[in-house]
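Trainee: The primary structure of each chain is shown beneath.
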Amino acid sequence: MAHIHLGEGSFPLWAVALWTLVGVTLIGIVVYRLRRGGIKTHQIALAGIGAAASFAVFQLNLPVWGGIHMNLTGLVGILAGPALGALIALVVNVFSAALGHGAVGLLGANTLVNATEAIAAYYIFRTLLRMDWDVFPATASAATIGLSAGAVLMGAIIVVSGVNGSALPRADLTVAVAGLVGLNLGVAVVEGILTGFVVQFLASVRPDLLDLIDRERGEEDPAGVAA
Amino acid sequence: MTTLSNHVPDPRLITAYAEHRDSPVHRVNAWTKFGTVGALVLAVTVADSLPVLTGLYAATLVVYGVAGLPYRRLLYWYTLPLLFVVSVAVPLAVLEPGTPIGGALGTPLGALSVTWQGAILFAELSCRSLTVVTFALAATMTTRYADVAYLLGRVLPTPIDQVTLLTYRFTFVMVETLEALVRAVLARGATLSEFWANRRTYARILGMTLLTAIERSERLVKSMEARGYDGDITLYGDVPRPPIREIVVLVAVYAAVVGYALIAVYGVVSL
Amino acid sequence: MSGDETTAPLVDLHCEAHTYPDGTVGMHEVDFQVYPDEVVALVGGNGAGKSTLLEHLNATLVPDDGELVVDGTPITDDDLARARSAVGFVFQDADTQLVAPTVLDDVRFGLQNYGVPAEEATERAREALATVDASHLEDRIPHYLSGGEKRLVGLAGVLVLEPSVIVLDEPLAGLDPARSRLVADHVERIHEEGISVVLSTHDLEFAAAVADRICVMSDGDVVGQGTPREVFYDPELLDAANLHPPSAVRVARDTGLDVDGRPVTEAELVQALAGSQSEPPQTRRVDGPGAD
Amino acid sequence: MSGDETTAPLVDLHCEAHTYPDGTVGMHEVDFQVYPDEVVALVGGNGAGKSTLLEHLNATLVPDDGELVVDGTPITDDDLARARSAVGFVFQDADTQLVAPTVLDDVRFGLQNYGVPAEEATERAREALATVDASHLEDRIPHYLSGGEKRLVGLAGVLVLEPSVIVLDEPLAGLDPARSRLVADHVERIHEEGISVVLSTHDLEFAAAVADRICVMSDGDVVGQGTPREVFYDPELLDAANLHPPSAVRVARDTGLDVDGRPVTEAELVQALAGSQSEPPQTRRVDGPGAD
Ligand SMILES: Nc1ncnc2c1ncn2[C@@H]1O[C@H](COP(=O)(O)OP(=O)(O)OP(=O)(O)O)[C@@H](O)[C@H]1O
Ligand SMILES: Nc1ncnc2c1ncn2[C@@H]1O[C@H](COP(=O)(O)OP(=O)(O)OP(=O)(O)O)[C@@H](O)[C@H]1O
Ligand SMILES: [Mg+2]
Ligand SMILES: [Mg+2]
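Chains as they are written, first to last, in the working numbering: chain U, 1 to 227; chain P, 1 to 271; chain Z, 1 to 292; chain V, 1 to 292.
Quick caveat, the hints were computed from the structure, so don't treat them as lab data. Be aware that one or more of the hints could be misleading.
To be verified - Using C-beta positions, here's what the derived DEER-type ranges look like:
1) Z:46 / P:71: 53 to 61 Å
2) U:137 / V:33: 50 to 58 Å
3) Z:138 / V:25: 38 to 46 Å
As the list claims (entries may be wrong) - Coverage of chain U stretches by chain P, computed from C-beta distances (three or more under 8 Å per stretch; other residues unrestricted):
4) 18-24
5) 37-46
6) 54-65
7) 72-83
8) 103-117
9) 128-139
10) 143-157
For every residue, glycine included, the Cβ atom is placed at its ideal position computed from N, Cα and C.
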C-alpha cells in the first residue's frame, strides 16, 4: 500500500502528451515567477534540502494496512509555500521515477497531482489559521483536504485519459477508478492526521518556526514569498 | 537498516553499484541510457500487443542481468509500481467486456468474472510498467553519480537544476538523519510496528527530520554565500557525446519504435 | 574487580562480520564481552569500526552471522527489546536522539514505551535528571539546549531505564573542556552505581582517566586490549592502530627523567614527576580531560 | 611579525552587538583585528560566541551596529562579496559546506561564482587540492569522504579563492588524533604561504601549538588575549572563561620540579623537563595534538 503514483504506460500517447504539456506549463509559471523575483539562495537551499527530506521520508515504512509510504507533500507545501512546494513535488517525482516509482512518461501528470496537494494544503492552512483555528486541526484538515484534492485529480486524470488498451466505457472506468481514489483518500486521512501531529510537534520544539513563517508571509503576498 | 523499507531502493545502494561495479552496461554512455529510457517509454505507450510488450520486458530483464544487478531485490522494488497496476487493473480485469475465464462468481452486485480481455490487460499494464521500472533502475545503478548529476544539470532549466543538484547531494544526508532518529527511539524501547499506538513517535521522527532539513538549509545558505554563490552551480564535469556506434543504435531504436507505431498500431502506413 | 574474567559477562557478542547495505564491511570477526562493574573504552581512528561494534551491543545492528548473549541468554529476533532495555545507548549525535517537546517528556519517553504508569514515570524521570545534575532543565525544549546539556539529558533518558550496561558513543564530541569534565564525572558516577560503561572516544587522556580496560580497534578489527597502562605503553599496538599515546605517557617517555610507575594520566605524571619516591600510583585517579 | 600592531590589519571588525532573530544575543561589543601573517585561536566554552564572531569576519553575519573593514576599506551592503572573497571560511559542519556532486566540482564552485573561466578554474582547483594533499580525492562523492577528508576538501575550496585570511571554525571537531594532526599541519602550511588564519577550537593543546595569539571568549565577550604563554599562565583570565590550561602547563605548574620557560606545548614541556639548561624555548614548535 502506498500513496499511489500513476504507472508507466497506462495512458495512450495523446494523454501522455497532454499531461506533460499541462505539467510543463504549471512548472513554467512557477519558474517564471521565481526568476522574476530574482532567485534567492535561501529558496534554492530550502527547496533542495526539503526535497531531499521528503524523499528520505519516503523510505520509511509506516505500518498501516500492511505498510504505506508517504512524501508528506501536504506538509512540504505548508512549510515551503506553494511555489517551492510545486518545485519540490517535481524534483521528488524525478528522483522517484529514476528509482522505479512513479513514471518517466507521466512525470507531468504525477507532478501535477503532487503540486496540487502542496498548493491546496498551503492555501487551506493559511485560510484556516486566519480563521483562528488551532495548529493541529488546521494542519490536519489542510493536509487531508489537499491530499484528497490530489487523489480526486488523479482519478480524473485516469478517467479523462482512459487506460491504454482497455475497451471499457468511461462510465465503467469511473467505477473502477473509484476504488483507487478511495484508497488514496484513505492514505490522505492518515497522512493528514500525521501531518497535524508533525506540525504540532514542530510548533512545540521550534515555536519560532511557524511564527517566523507567519511573519514572513504577513510581510509579502503569499505567492510573492514562495515565488 | 531494517526499519527503512525494502520496497524503496536505498540511494546508497544505488550509488554503490554505480561506483564500485563494472559491466558492459556501466560502460555505455550516460546519454545513450537516458535516450533509451525515452525510447522505452514511447514503446510501452504505443505498443498494444502482449507478445511485443512481454518481449520488451524480457529484454530489459536481460540488460539488468548483464549489468550484474541483483534480481532478488528487484522483486521487492516491484511492490510499489505494481500496486498501481493492481489497483487499476484488477477492477478493470473484472469489468472489462469479453469472454469470461472459467465460471462467473455470483455476487450481490451481479455476476463477476475475470474476462480474457481483462486478464490480458492486466498482463499488458504490468509489462509496460515493469519494463521502464527495470530499465530505469538498471540505468541509475550503472551510471556514475557525477554523470547523473551532470545530466540533471544539463537537462533541467534553472533553478530546477540547482534544486535537483542539491537534492541529489543531500538525499544521502537526510536518509542518514532519519535512520539515526529511528535508531535512537528503538534503542529506548519504542516499537514502531504499530502505527496508531506510536503516532506521536512517528510524528516526532518525521518532525525532527524536517526540522533538521530546514536548519541544514539555513546553514547551507551561509556556506554557499560565503563562496560567492549567485544562483548557479555549474558543473564542469562532462559526459561526452555517445560514440557513433551507440548513436546509430539509438537512432535505430527510435526508428523501430516509431515505425512499429505507424505501421502496426495506428495503421498510418500500410506495407 | 574490573573485567574479572571469572564472573559471567553481562553482554557477550560474537560476530563474524558486519556488512552495511551498500557492501562496506564495517567490522570483521569480533568477540567482545562486557563484565559487571567495569568501564571499557574503545579507541581507534575514524572509521575503525567503533560505532559499528557498539551498535551491536544493544542489537541496533545485527551481525551477518554471530550471536549476542545478554545476561546469559542469547537474543533472538523476537527478543530485541530485551537487549535494548538491558543495554542503554547514548548516540554520538546528540541532535538526533532527543525527540520529545520537553526535557522531562524526553526522559520519560523510554519508560512510557515499556508501559510504566505516568506518575511513576515522572518520578523516576525526575530522579534520573537529578542524578546528572540536570533537574533545572526539566521544562526546557531539548532542541535549544547546548551540546553538553543535550548529552546529559540523553544520558538521563537512558539511566532512567536502569540498564545494566550503558554504551556512550563519543560522549565528549563537540564539548568544551568544562563540559567534557562534567560528562567524565558522570561516567564515574554511573560506574559507582554499579553500572558497566562501554564508550568510544578519540580523547586518549579521557580514556586513560576513566577506563579499566582499553580496547584498540583498527580497520574493523579489535587489534588489542588491556589496562590503560598496558595499552599505552605498548608502542607496537599503538602504531598498528595509528594512535599516539596520551600526553602524560609521551612526556614520561620522552623526558630524560627517570619516571616511575608508567603514569597514564596527568595526575599520575605530576605525582611521578614530583619525585615522590613512594609506591607507583596504584589507584586510578578520576580526572576527565581538562582536569587540573 | 605575528600580530604586529604597527602594520595595518587585514580585517578590522568593530561590532556593538549581534542579536540573532530569536532575540539571543550571540555577541556583545567586540573589537577584533586580524593582522598579516598571524595565526589567531579563539577559545572559550560552548556558546561563548566564537562562531558568532568568526562569521562576522567575512560578513556572513552583519553586526547590529558596527563596521567591518577589509584591507583598509569598509564593507558596505553592496560589497559583501569583497569580504567573502578576501576572507575564506571553512565551517564547523563540513558536511553542509560541500555542495557539488564531486570533489573537483566543489573546489571549483567558488571560482565559478566569481566568473573564472572553466579551464583556469580546473587548473587552480587541482593546485588547491594538491596543496592539502587531496589530489587523489578529485573524483570522489563528498558524502562518502571521511570527516578529515571533508575538512581538507572544504579547506581546498576556500584556498582556491586565494583569500588573504582563512577562518576555520573548529577544524578538529570529530577527527581522530592522526587526522587532527594532518589538519594542524595544513594550518601551518597555509600560514607559511603568507595567509593569516583565524580559528576556533576546544583543543587547547592545538591552540598552544599553532597560534601566535590566543583570544579568550566568554559569554559573548572577548575577555582577554595574548600569546599562548601569556594567556595560559594567567589563571584569573582562564578562570573567568571557565577554561583549564593545556596539559603541559598544568604539569609544569603542578609538579614540584623547577620548570623553566613556561612551556605551553608538550614538546616544550619535555625539553624543559629534560633539564636542558639552555635558553627557555623561544621558537614555537609545530605539533598538533597527538604529535609525539
Ligand atoms: N551506514 C553505513 N553505511 C555504509 N558504511 C558505513 C555506515 N556506517 C559506517 N560505515 C563504514 O563502516 C566503517 C566503520 O565505521 P564506524 O562508524 O563504525 O567507525 P568509527 O570507528 O565509529 O569512526 P568515527 O570515529 O569516525 O566515528 C567505516 O568504513 C564507515 O565508512
Ligand atoms: N542561529 C542562532 N539563533 C539563535 N541563537 C543562536 C544562533 N546561533 C547561536 N546562537 C546563540 O548565540 C550564542 C553564541 O553562540 P556561538 O555559536 O557563537 O557559540 P560558540 O562559542 O561557537 O559555541 P560552540 O563551542 O558550542 O560552537 C549562544 O548562546 C547560542 O545559543
Ligand atoms: Mg563512530
Ligand atoms: Mg561554534
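Trainee: Establish whether the coverage given for the segment 103-117 of chain U by chain P is satisfied; the threshold is a Cβ-Cβ distance below 8 Å, and no fewer than three residues must meet it.
Mentor: holds (count 3)
Trainee: Is the listed coverage of the segment 128-139 of chain U by chain P valid when you require three or more residues with a beta carbon under 8 Å from a beta carbon of that chain?
Mentor: Violated, because only 0 residues of the segment 128-139 of chain U bring their Cβ atoms closer than 8 Å to Cβ atoms of chain P.
Trainee: Would you check chain P against the segment 54-65 of chain U, counting CB to CB pairs closer than 8 Å, and say if three or more residues qualify?
Mentor: Holds, because 10 residues of the segment 54-65 of chain U bring their Cβ atoms closer than 8 Å to Cβ atoms of chain P.
Trainee: Falls inside 50 to 58 Å, the C-beta gap from residue 137 (chain U) to residue 33 (chain V)?
Mentor: 56 Å, holds
Trainee: Okay, the segment 37-46 of chain U and chain P, do three or more residues pass the C-beta test at under 8 Å?
Mentor: The restraint on the segment 37-46 of chain U holds, since 7 of its residues have a Cβ under 8 Å from chain P and three suffice.
Trainee: Measuring from beta carbon to beta carbon, are residue 46 (chain Z) and residue 71 (chain P) in 53 to 61 Å?
Mentor: With Cβ atoms ~36 Å apart, the hint is violated.
Trainee: Falls inside 38 to 46 Å, the C-beta gap from residue 138 (chain Z) to residue 25 (chain V)?
Mentor: For residue 138 (chain Z) and residue 25 (chain V) the Cβ distance comes to about 25 Å; the hint is violated.
Trainee: Taking 8 Å as the Cβ threshold, is the statement that the segment 143-157 of chain U is covered by chain P upheld or broken by the three-residue rule?
Mentor: violated (count 0)
Trainee: How does the segment 72-83 of chain U fare against chain P when you require at least three residues with a CB closer than 8 Å, holds or violated?
Mentor: With 3 residues closer than 8 Å to chain P, the segment 72-83 of chain U meets the three-residue bar; holds.
Trainee: With a C-beta cutoff of 8 Å, work out whether three or more residues of the segment 18-24 of chain U approach chain P closely enough for the coverage to hold.
Mentor: The restraint on the segment 18-24 of chain U is violated, since only 0 of its residues have a Cβ under 8 Å from chain P and three are required.
When the structure is compared with the earlier hints, violations turn up for hints 1, 3, 4, 9, 10 and for no others.
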